[in-house]
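**Q** Residue numbers (this note's numbering), protein chains in the order written: chain A, 0 to 302; chain B, 4 to 302; chain C, 16 to 330.
Simulated from the structure, these hints should not be mistaken for lab results.
This structure is a prediction, so every number in the text was calculated from the model and none was measured.
Have a look at the derived ranges for each label pair, beta carbon to beta carbon:
hint	chain 1	residue 1	chain 2	residue 2	range
1	A	Leu38	C	Thr137	14 to 24 Å
2	B	Ser160	A	Asp26	21 to 31 Å
3	A	Ile186	C	Lys324	23 to 33 Å
Glycine included, each C-beta is placed from N, C-alpha and C at the ideal position.
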Amino acid sequence: MSAPALTAERPRAEELSLTRKRVRVGDLVFKLALQTCFLIGFAVLAALLLWVVVKGWDRLDSRLWTEMPTGRVSRIDQAGVQSAITGTLWVIGLTALFCIPTGVFAAIYLEEYANRERWYNRLLELNIQNLAGVPSIVFGILGLGLIARQFGLGFTVITASIVLSLLVLPVVIIATREAIRAVPQSIRHASYALGATKWQTVSRQVLPPAVPGIATGSILALSRAIGEAAPLIVLGAVSFITFNPDGLRSRYTVLPIQIFGYIGKSQSEYVELAAAAIVLLLAIVLLMNSVAIFLRNKFQKRW
Amino acid sequence: MTDDPDHKVADMTAPTHPSISIAPPGAGLGRPAREPGSAGAASIMELRDVSVFYGDYEAVRGTTLAVQQNQITAMIGPSGCGKSTILRALNRMNDLIPGARVAGTITYHGQDLYARDVDPIEVRRRIGMVFQKPNPFPKSIFDNIAYGPRVTGMKVSNMDDLVEEALRGAALWDEVKDKLKSSGLALSGGQQQRLCIARTIAVKPDMILMDEPCSALDPIATAKIEDLMYQLVSNYTIVIVTHNMQQAARVSHRTAFFTAEVDNAGVRHGRLVEFDDTQKIFTNPREKRTEDYITGRFG
Amino acid sequence: MANRTAIGPAAGNQSLRRGRRHPTERVIGVLLVVAALVSIATTVGIILALVEPAIEFFRDVSIVDFLTGTSWTPTFAQKSYGVLPLVVGTLLVTSIALVIAIPLGIGSAIYLAEYASDRARTLLKPVLELLAGVPTVVYGFVALFALNPILQKYWPGGSGPSFQNLLVAGIAMGVMIVPTIASISEDAMSAVPHSLREGAYALASTKMQVATRVVVPAAISGIVAAVVLGISRAIGETMIVTIAGGLISSEVDFNPLHAIETMTAYIAAVSSGDIPVGSIEYKSVFAVGLLLFVVTFVLNAFSIRLVRKFREVYE
Numbered sequence: 000m001s002a003p004a005l006t007a008e009r010p011r012a013e014e015l016s017l018t019r020k021r022v023r024v025g026d027l028v029f030k031l032a033l034q035t036c037f038l039i040g041f042a043v044l045a046a047l048l049l050w051v052v053v054k055g056w057d058r059l060d061s062r063l064w065t066e067m068p069t070g071r072v073s074r075i076d077q078a079g080v081q082s083a084i085t086g087t088l089w090v091i092g093l094t095a096l097f098c099i100p101t102g103v104f105a106a107i108y109l110e111e112y113a114n115r116e117r118w119y120n121r122l123l124e125l126n127i128q129n130l131a132g133v134p135s136i137v138f139g140i141l142g143l144g145l146i147a148r149q150f151g152l153g154f155t156v157i158t159a160s161i162v163l164s165l166l167v168l169p170v171v172i173i174a175t176r177e178a179i180r181a182v183p184q185s186i187r188h189a190s191y192a193l194g195a196t197k198w199q200t201v202s203r204q205v206l207p208p209a210v211p212g213i214a215t216g217s218i219l220a221l222s223r224a225i226g227e228a229a230p231l232i233v234l235g236a237v238s239f240i241t242f243n244p245d246g247l248r249s250r251y252t253v254l255p256i257q258i259f260g261y262i263g264k265s266q267s268e269y270v271e272l273a274a275a276a277i278v279l280l281l282a283i284v285l286l287m288n289s290v291a292i293f294l295r296n297k298f299q300k301r302w
Numbered sequence: 004m005t006d007d008p009d010h011k012v013a014d015m016t017a018p019t020h021p022s023i024s025i026a027p028p029g030a031g032l033g034r035p036a037r038e039p040g041s042a043g044a045a046s047i048m049e050l051r052d053v054s055v056f057y058g059d060y061e062a063v064r065g066t067t068l069a070v071q072q073n074q075i076t077a078m079i080g081p082s083g084c085g086k087s088t089i090l091r092a093l094n095r096m097n098d099l100i101p102g103a104r105v106a107g108t109i110t111y112h113g114q115d116l117y118a119r120d121v122d123p124i125e126v127r128r129r130i131g132m133v134f135q136k137p138n139p140f141p142k143s144i145f146d147n148i149a150y151g152p153r154v155t156g157m158k159v160s161n162m163d164d165l166v167e168e169a170l171r172g173a174a175l176w177d178e179v180k181d182k183l184k185s186s187g188l189a190l191s192g193g194q195q196q197r198l199c200i201a202r203t204i205a206v207k208p209d210m211i212l213m214d215e216p217c218s219a220l221d222p223i224a225t226a227k228i229e230d231l232m233y234q235l236v237s238n239y240t241i242v243i244v245t246h247n248m249q250q251a252a253r254v255s256h257r258t259a260f261f262t263a264e265v266d267n268a269g270v271r272h273g274r275l276v277e278f279d280d281t282q283k284i285f286t287n288p289r290e291k292r293t294e295d296y297i298t299g300r301f302g
Numbered sequence: 016m017a018n019r020t021a022i023g024p025a026a027g028n029q030s031l032r033r034g035r036r037h038p039t040e041r042v043i044g045v046l047l048v049v050a051a052l053v054s055i056a057t058t059v060g061i062i063l064a065l066v067e068p069a070i071e072f073f074r075d076v077s078i079v080d081f082l083t084g085t086s087w088t089p090t091f092a093q094k095s096y097g098v099l100p101l102v103v104g105t106l107l108v109t110s111i112a113l114v115i116a117i118p119l120g121i122g123s124a125i126y127l128a129e130y131a132s133d134r135a136r137t138l139l140k141p142v143l144e145l146l147a148g149v150p151t152v153v154y155g156f157v158a159l160f161a162l163n164p165i166l167q168k169y170w171p172g173g174s175g176p177s178f179q180n181l182l183v184a185g186i187a188m189g190v191m192i193v194p195t196i197a198s199i200s201e202d203a204m205s206a207v208p209h210s211l212r213e214g215a216y217a218l219a220s221t222k223m224q225v226a227t228r229v230v231v232p233a234a235i236s237g238i239v240a241a242v243v244l245g246i247s248r249a250i251g252e253t254m255i256v257t258i259a260g261g262l263i264s265s266e267v268d269f270n271p272l273h274a275i276e277t278m279t280a281y282i283a284a285v286s287s288g289d290i291p292v293g294s295i296e297y298k299s300v301f302a303v304g305l306l307l308f309v310v311t312f313v314l315n316a317f318s319i320r321l322v323r324k325f326r327e328v329y330e
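The shape of chain A in the complex, shown without the other chains:
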């Protein structure tokens, strides 16, 4: 073994004083800079949201859901967004119906049934991760080219629901997969050891504890879908709809689209109406997200 060559200069006695040699200014400035970064982001956002509330305050009343939209300034006092609210309910209801079962089943397949080594399953996983990052407007183009025209479903409630379902499907799948993964293997082994089949094990032992995680993912997915406007613009939703949807193949409008329509008007009264509608939209979305986050934090780490 090589002998250690220790030619170290040991700290001399006078250097052994431990007192603060200097105030570390750099460190303090750094910490301050970081706090500033944090505060700016939040403060600006909070200020903007507050501004919206103030702007729309006068129009925040029952007219929003009792009245239909209008295109004429003279009638703006009797205008609301009822068709957008009902349209949103229809579209999101259908979206939930499509994307939640599909997403959960797809996640179950990937987590419980798929052989990870196979190339096609890895491709499947990669594909879902990629889809999560595709711009929402591209989904609109998908809807336009294939669903509305090719499949002949037109610019209707059902087209919107299908497109939005496909858009938020990755959210449901990824959240469900994580929830399923959190269930310990020992539970599954115990179930199999008792002679249960795969589906019995999944449906009776794996899914129930995963429900909060699945709920979280579903709520986040739907809240995202509620706020989406871009794909629906491509699907021709931007026209004045003053009636509530009456079927799957009905024309429709949703809150973000109606807001977009009002923004396009030049009169300032529309701005206030738009702000009020935004407050409504924000309230719904933030409420849903809060519930989802609360659910997740509450039910995490049960094991």
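Following the hints, complete the assembly by docking chains B and C onto the known chain A.
**A** For chains B and C alone, coordinates are given in the frame of chain A:
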């Protein structure tokens, strides 16, 4: 038992007289036995009735001992008796835990380590620490070693020389001299631990604290590190916490034995039982508890 | 011998062969695969929906002209289909957004991961996630009606920003992306093992040194993934730029004070207008859409690889 060149763990279940079952310090490895309590060795760190609290919980209490310069001081005892906690108090690593505080006095070269105007970073500049599980940075070997000198603002005329010196000091140079740019994580466990030691001595500390440095390593790597301690101690002062009694008996000059007691409320507290020359602790301890522990009757 | 009640499998069902007992298993299995295939169908659908009309488009306009032309005038009498003005618009607004989002996002992440107390972090991180859910139409609205008037009022010097402009859209977009970058970067930094920090502190480091020299470098692939994701979101964002960015696209313009159209704004604008199906303008939407898809696809693939690499090191 006295000849243990392969460092096999002693059979602890055999209740024999302490003076026979435990090898005299240093024996069996071809090394001269330790000179107990060498007169003239200055004590560079003194603990007087030191307790460490986490919030209201007194984790360890009543610790009084002195660390002599250029000696290895070992702290032994069963799990959960405060050895690591005391060790971490010596270089103010407990400061990182919110709610931790130290009662009693710890003096280092005559200065109160916990005085108000003492900078913990300066303390750690002089008192380094090697951890139980090797924790090299995910950087190259070179950058791992250069890290300490860089952040402490050491004036280095030639970093290459300093890195080589540190690696030689940790008995790692020959094994890595051709791959200094490769990642520190690519080394074996024992090599990583020696890298951590090299990293520590690169800032030229005065004392090195070692918190069970070999417990995550295999016996051969352990032996290398123990040999290294022998070489390092001529230039540094070492305090080592170890679960392995034979290790303490092999390498250290003085040994402190800790134990855990449960009080009336059912709460565990650690406590120093006995502190003496290693030879004496292992052949003729004063306290019965110490004797019980080293003969394997408990712990 | 006394009669023994059967304790094994029911007498009439001794067969061990798979699938005999549970036909439902097969049905379920099929349903699951179908569900999983929906995502594949989506991608295939997107590609088909984009590629088919795009190919028709490129019969009339050469790809080279499309990708290198600097004149985008589908509505003029003299039609020109060089996409660079739209691309420049997209890149311009993305750059402005990143200038804001990267320092604020990473700074917030370092603060949350290394400096904030545990209590502060458990409070603030959910708030961050909450803010990430604000719909983009809201950002467009405040950009146009709140931010821009302020910019116009306090603009030093000559002609300030116009009614719609990429600067204000970029600022709003930057604020929108901050939660994304902050959240993912914070996850990456929190995942760095505490033992590394301890090792650094034991080497006499200050908190700033530990954060900047040990934690950030160790988490760098996660941080870069966060930034790439932010870029991808910025490029694909539609509402902010449509409402507040502008719809003028005839020539390449690098001045963010002007109203400039981005790729996404063009698609939105054309789709909401009255364009005859099958016309070349109609098809141009798909060509631009295809370009958009390809760019974001490449970015996302890169980001996914980075996240994977990061996970390998620490899990």
